[in-house]
Amino acid sequence: MAGAAGARLGVGERRWVNAVLGAVAWLATLLFFFPVFWMVLSSFKEEQDANTSPKLLFSPTLDRYHDITSTTSGLLSFREAFFNSFWVVAVSTVVVLLLAIPAAYALAIRPVPKWRDVLFFFISTKFLPVVAAILPLWILARNLGLLNTRLVLMILYTGMNLPLAVWMLWSFFREIPRELIEAAEIDGAGLRGQLASVILPIALPGLAATALLCVIFAWNEYFYAVQLNPASGSTIPIWVTTNISTRGNFLAKLSAASVLACVPVVLAGWLAQKRMIRGLSMGAIK
Amino acid sequence: MTPTLELGWRHRSRRILPVLVVAAIGLAAVACGDDDSAEPSGAGGSESGEGGEITVAIVGNPQMEDISALTPDLFTAETGIKVNYSVLEEGTLREVVTRDVGGGGQQFDVVMIGMYEAPQFGANGWLTDLTPYAEDDDSYQFDDLIPTVRDGLSVEGKMYASPFYAESSFLMYRQDVLEAAGITMPDNPTWDEVAQIARTVNTDDMAGICLRGKPGWGDLGASFTTVLNTFGGTWWTATDDGSVGEAQVDQPEFKQALQFYNDLIQDAGEDDAANASFNECLAQYQDGKVAMWYDATVAAGTLEADDSPVKGKNGYVTAPVKETDASGWLWSWALAIPQNSPDPDTAWQYISWATGPDYIKEAGTQVPGGWAAIPPGTRASTYEIPEYQEAASAFADATLEAMEAAPIDDPGTTPRPGVPGVQYVGIPEFQDVGNRCTEQFSSVIAGQTDIDAALSACQDIASQVGG
Amino acid sequence: MQLDTVRQQPGAALGAAPKHDGLHRPWRQRFPLLPALAFTVLLTQVPFVMNIWYSLTDWTIVPPTPRTYIGLDNYRDLPDDQFFRDAARVSVVMTVSAVLISLVLGTLLAVLLDRKFLGRGVARTLLITPFLIMPVVAGLIWKNQMFSGLYGVVNWVTARLGLDSIEFVSRYPLESIVVVLVWQWTPFMMLIMLAGLQSQPAEVLEAAKVDGASAFGTFRQLTLPHLRPYMELGTLLGTIYLIQVFDHVAVMTGGGPNSTNIPYFVYQRSIGGGWEFGKASAYSIVVVVVSIVVATIALRVVSRLLRGEQIA
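Chains as they are written, first to last, in this note's numbering: chain A, 19 to 304; chain B, 66 to 532; chain C, 3 to 314.
Here chain A stands alone, though its shape is the one from the complex (with noise of 0.2 angstroms):
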């Protein structure tokens, strides 16, 4: 029963509105998902087909997804971006919610004084320009030796996702119990042991969420890579904007090489939503 918002109805009438609520909740995810089912329909069609009036029916060919994933030598392939782009991502998610969680702690359950301002401070770090940060970035960048490296990048999306984390942690920490927090501590248990036993797994929903925007961002970030790293070093949007030509049709291409793009974040959606589920927050600690 947990999970429902319930009503006070009568069994038979509770399962027909269920039914309603389900029914347009499928339309409303169709309607949305429209769009990306036709660039998956795209990427198995000829250019032809593409670029001209819509078309359900038409001989759908694998062509487009090994014109992209044929690795030549010298050009950036697939398995090279995509291995660039799940270290660089990978490494900063994980660097960022290591940073993230011990900040939010101090800010949301034994807040330092002036936290209000170091929140402030976190998200106006993300008002300037991407366009003006690049130019300093990149001067930094080559005179430490870092343009055209994954560490560069890392780093980068750490600090472009740690104002983010901190906040959404934040606003899930405040919900934790007052109470539960004491009686951790009273049980003795410092920040880690509190961490482990009481805040991370009430709210492990926030987490995932923080934690799959973070891999989001990350993933699908294509203006600092490709302007750091377009040698080499290269990630999977770069791979995918390869694709893009001024002389000739690519519709077709691109959305196969945005299909394989978006695999990897689909799989850490369905991980993620996975742990979105209402718990039971009380029972947790008596």
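The hints are simulated quantities; they were obtained by calculation from the structure and are not laboratory data. Every value quoted in this text rests on a predicted model; they were computed, and no experiment measured them. Treat the hints with care, as some may be off.
[Claimed, not checked] So, partial list: chain B residues that the calculated Cβ filter (under 7 angstroms) puts toward chain C:
| # | residue |
| --- | --- |
| 1 | G167 |
| 2 | D337 |
| 3 | N340 |
All C-beta atoms, glycine included, are put in the ideal place defined by N, C-alpha and C.
Got chain A; can you put chains B and C on it based on the hints?
Positioned in the frame of chain A, the structure of chains B and C alone reads:
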């Protein structure tokens, strides 16, 4: 229920912590022992294989895709030089290359730049002069280059970039549609004649003509500027020493050209014109939605390809004129060596192969598109290859004629500032002015802005240059 | 009432943690915060300061000129720049509409997807997918395959209904971009709202049901107030990201009087062709200052988030 839950939470937290610890160790390992495949730039011919390794930045057009696929077999196998390509989208390529070349970044051994940048970068001293290399290299056949193309990439006789691909513009039309309407396209037509034909064959199902309308100095800007030139208009006057004078957007010729262009699109132009550039017009032309198309000569290769729905139905004629003798544009994607490149000799070896006559001959039999898909417009010898003449019979002559006639030195009726250029003005500021002005003009085409307001805004923008 | 025991009071109550308690020495309190803070300061303030420096010079790369200090000249020219004002107007309209619409849609979807139904996990994953697509690709797909006057699916549908085809991106550039932004960012809002809904413990809702509350009443009096801080969080974060929208503008319209927003405008001044880094930096600094002012007002005055109010 409570005890089970309690166990559940503690159990899960026990699993999370070790994961985090392992991840932290992994982080340290990865971050430190980083990147063997991602070394700080391959620039500099670092030894790997006997010949070395170079990094080349290119744009992702079909001919470039072809050569990047063929490089391992045709070049690396012969010379031992490994070539790493960075394929970038055109706008990004320009941003990255300009900053790299201008800022001494050394990320690339060879960069692909356009005819707009080559003379400017050369004059700035950012590029290695290729003329000595070219003259010493027999296999390169310096004299084979089409003169207008070579001049467009040179400053005072020094060639700063070697052309890989070149195009002009001409008018493509559906011969069958015009015949059915009883119309014969004249040789060397004027814009007035073309406009009349377009309006005549224009129907609900098939627009008369496809003209670019998408904002951008290289999109609408290119197409419109050639019209502007031949209408006797210009963007700026030139002072005696060739620098920028007064903005001429407020002159009657400019408005006349823009009005003509816009009216033709409104009356007989393609759908969604304000968004249309090469690709969109290509799609519509192949779909039979437009009867004529004024755009790059390279389009012919696609239109006459084996899988093209309009193969064999097209005629090609010179770019329409009004007050000048020729108006086709001139564009080339060319390979250049940045000034402080550590290993220009290896870089030249690559350039000599990629832009030499031998690659063109080899590519004809190896690229997926066949002979019609080889890089066009750079060399006279290309047009003497029998297989090419056959495969490209419909458009080879028209293309060569357009390339040779492109009025690179004298595009309009008045002198222009800066280095020579047909569909652009050869000053660094044109890119920005062109972008912002074409945004206004595109808005006119979309019916969102009044033409006088657009011209006035553009005059403001253009007036900020020079003086 | 059971509900009271679940309420907590962050900020106000927790902030007044007794200082004599051995566990609450100030440095120990601050310590967990330091790594994140130090990292952020280092990574973000250095570029910011460098930008301030550039804005005080006349640095242009093309044509290459030596960089000379010119003081506040770049700023002096700003107020007259009509194009900057247009870009600001477009930015405001684009951001506000995208944020508000996606917030409303995201909340509705979160409420719908919070309850159990057949295939909920799949539906949730599918609903996230618009957000997973690269902005460049999303812009191209929508422009060429959804909105296109000739070939778009939308026009194909409206043609079946007997309407004329509309050239969406040409005629309605700003609206078209907002549609794509809403499409991509509604899942973002939905994720936050969903996590917010999930953090409302089931016992509370059970208790309300036992006490005889109707579904709608529960929603209005318990869930909605509980969600309100999350809606504000979503608005704040959404605004931060949507202000920076760039790829959609570049790919869908290429700019124009009704679609060039601030990021695209600054891009055009700098690496997009203008290569005037001094001026571009000046614009950026102005943007930062204005954003700080607006955010301060919004957060301190309007929002509950930083007032330390109760949740639930």
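Tested hints:
A distance limit of 7 angstroms between C-beta atoms decides the matter here; for G167/B the minimum to chain C is near 5 angstroms, and the interface restraint holds. Restraint check, D337/B versus chain C: the minimum CB separation of about 4 angstroms is within 7 angstroms; hint holds. Restraint check, N340/B versus chain C: the minimum CB separation of about 6 angstroms is within 7 angstroms; hint holds.
Consistency with the previously given hints is maintained throughout, with no hint failing.
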